Structures are given as C-alpha cells and as structure tokens.
Amino acid sequence: MYRQQLLDCHNRIKPYIHRTPVLTSRLLNEIAGAKLFFKCENFQRMGAFKMRGATNAILLLSEKERANGVVTHSSGNFAQALSLAAQSLNVKAYIVMPSNAPEVKKVAVSQYGGNIVLCEPTIEAREAKACKIAKETGATFIHPSNDMNVIIGQGTAALELLEDYSGLDYMFAPIGGGGLIAGTALAAHYFGDNCKVVGGEPYEADDAYRSFHSGKIESNSTTNTIADGLKTVLGDKTFPIIKKYVHDIIRVTEDEIVIAMRLIWERLKIIVEPSSAVALAALIREKESYHDQQIGIIISGGNVDLNQLPF
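The sequence shown finishes on residue 311 if you use the working numbering, and the numbering steps up by one all the way, no holes.
Since the hints were derived computationally from the structure, they do not count as laboratory data.
One should not assume that every hint holds.
Quick list of in silico lysine-lysine cross-link-like pairs, DSS-like style, CA-CA up to 27 Å [what the hints assert, rightly or not]:
1) K244 with K269
2) K216 with K243
3) K132 with K64
None of these values were measured; they are calculated from a predicted model.
Start from the sequences and build out the full structure, keeping to the hints where you can.
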C-alpha cells in the first residue's frame with residue numbers, strides 16, 4: 001500500500017516541486033570514513049523538504065475543502081511550505097506561529113501569502129489557536145508531521161535519492177515531529193536494497209530517542225537546542241512507522257551540531273540550517289559503526305537566519 005502511495009504521490013507533486021541535487025565531498029567522506037551522498041532539500045522550493053508533504057496534502061483535498069482553505073501550526077518550515085503550496089494551488093492558508101519563531105521564517109511566510117496568527121510558544125497554544133481558526137473558517141487542519149499524506153510526501157525525497165543511488169546501505173535523517181524520517185523509512189523499506197534508516201536528534205530535544213527505547217511517545221520538558229526545527233514531538237501516525245522501520249536513533253550535542261553545520265557550509269559550499277546538520281553530526285559521532293558504507297544523508301533545509309549564525 002505505502003509503496004504505491006509513494007509512487008502516486010511523487011507523480012502528483014512533481015509539477016510543484018524541484019527534484020533536488022545530490023552532492024558529494026571527498027573530504028567529508030574521509031572525515032566520516034564512508035561514502036556520503038547528500039540529498040540537498042535546502043534547494044527545494046521554499047528551502048526545505050516540507051514543500052513535498054504540504055503539496056501532497058493540499059492536492060488530496062476535495063474542491064470544497066480547498067475552497068475553505070487550510071490551517072496549520074509551525075515554527076517555520078512547514079509554515080512556509082503550506083503557504084507556498086497553497087499559493088501555488090490558489091488556496092488560502094492560515095498559519096499559526098509561535099511568537100518566538102525566527103524572524104526570517106515569519107517574513108518568508110508572509111511573502112508566500114500565508115496569513116500569520118501569532119500565539120504563545122507552547123504546543124498547547126499552537127493547537128488551540130489552529131483549532132479555533134478551523135472552526136471559525138472551515139479550513140482543513142494539516143499537521144506539519146503527524147499526517148499520512150504529509151509523511152508520504154516527505155518520503156519522496158528518499159525515493160528520489162534511491163532512484164539516483166540504489167546501492168545505499170544506510171540513510172540518515174534528522175528527527176523533529178518524525179514526518180521526514182517516517183517517510184524516509186517507508187521509502188527505504190520499499191525501494192532500497194536492505195537500506196537501513198538512522199535518525200539524528202539533539203540531546204536537548206531527545207523525545208524520539210526516548211520514545212524509540214521506551215516503546216511509548218515521550219515528551220520534552222525543555223527544548224534548548226539550536227536546531228529549532230526539531231523541537232516538536234512525535235505523533236500517533238509517525239511513531240508506529242518509526243518503531244517498525246527505523247534502525248536506530250543517535251543523539252548529538254549542540255557543539256556537534258555546530259561542527260557538522262560548519263563542515264557542510266565549508267565543504268559542500270551550501271547554506272543549511274542547524275536542524276539539517278544533525279544527521280551528519282549523528283553519523284560522525286558513531287562513524288566507527290558505519291565504516292566503508294554507502295550512506296545517504298537528507299539535508300532537510302536551508303532556512304537559516306544569517307544574523308544568528310553559530311560560527
């Protein structure tokens with residue numbers, strides 16, 4: 001079922017997304033002790049992989065649902081993705097954003113036509129405000145990660161990577177709400193040749209790691225991480241897929257994230273946000289376990305505030 005859904009989704013969203021490039025670096029291969037293939041979703045429309053899932057979710061709505069618009073809550077990248085996808089399809093988008101969201105992401109949402117509604121920076125406040133808007137306007141709520149249409153859409157990045165490089169042994173991706181790694185794990189299962197998926201997560205927001213090992217969804221008491229895109233928690237759609245199809249989750253420190261981010265900027269000559277660097281940081285931390293393997297790494301996005309660089 002998921003195999004066909006991934007193929008259908010890819011064909012459905014192709015007119016609205018970029019097929020992003022895959023970059024390599026001899027020096028990064030030497031540092032990691034493996035052959036690395038970076039799927040650069042920082043070159044995706046609106047600068048992140050989330051354009052894929054947002055587009056798929058809107059395309060699967062009925063005409064009546066599209067007429068009433070869509071609503072989501074997001075600290076940044078999905079806010080931009082849903083705004084641009086909605087604009088591309090002539091659909092109104094209401095975007096609930098926490099008041100502490102990066103200014104660069106607020107500006108981008110406005111530029112993509114999203115109607116921003118600010119709220120307190122808590123999950124509870126975000127959900128309450130989005131629910132209120134949905135009731136008042138009739139807009140369809142689309143969750144940034146815990147939605148199967150979104151998850152399948154996010155998985156098309158890994159599908160493309162496996163089409164280009166079918167012999168990958170592992171694929172690394174960052175974990176926030178779990179939509180990217182869940183979709184990646186499904187794509188690897190159905191289209192890889194025994195390709196295992198490994199997640200990277202900050203110690204400062206390690207709910208997925210703890211959930212993975214406890215067998216139930218855990219929460220975070222604090223999320224003091226530079227990887228602002230990874231502060232959200234798993235949901236009842238993403239977690240079962242992660243439990244079944246993800247091989248391992250590796251936690252990394254804030255210093256390791258910054259080092260990996262700088263390596264990507266310096267060696268690949270591309271702009272990536274801190275959340276994107278977590279996957280490479282996880283691989284480098286445990287590189288002895290992946291020596292001489294062929295490894296895909298999902299660079300999730302490049303929407304970084306250039307006035308807030310950590311180096």
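Here's how the hints hold up against the structure:
1. For the hint pairing K244 with K269, the CA-to-CA distance comes to about 36 Å; that exceeds 27 Å, so the pair is violated.
2. Between the alpha carbons of K216 and K243 the distance comes to roughly 10 Å, so the proposed pair stays at or under 27 Å and holds.
3. Restraint check for K132 and K64: the C-alpha separation of about 20 Å stays at or below 27 Å, so the hint holds.
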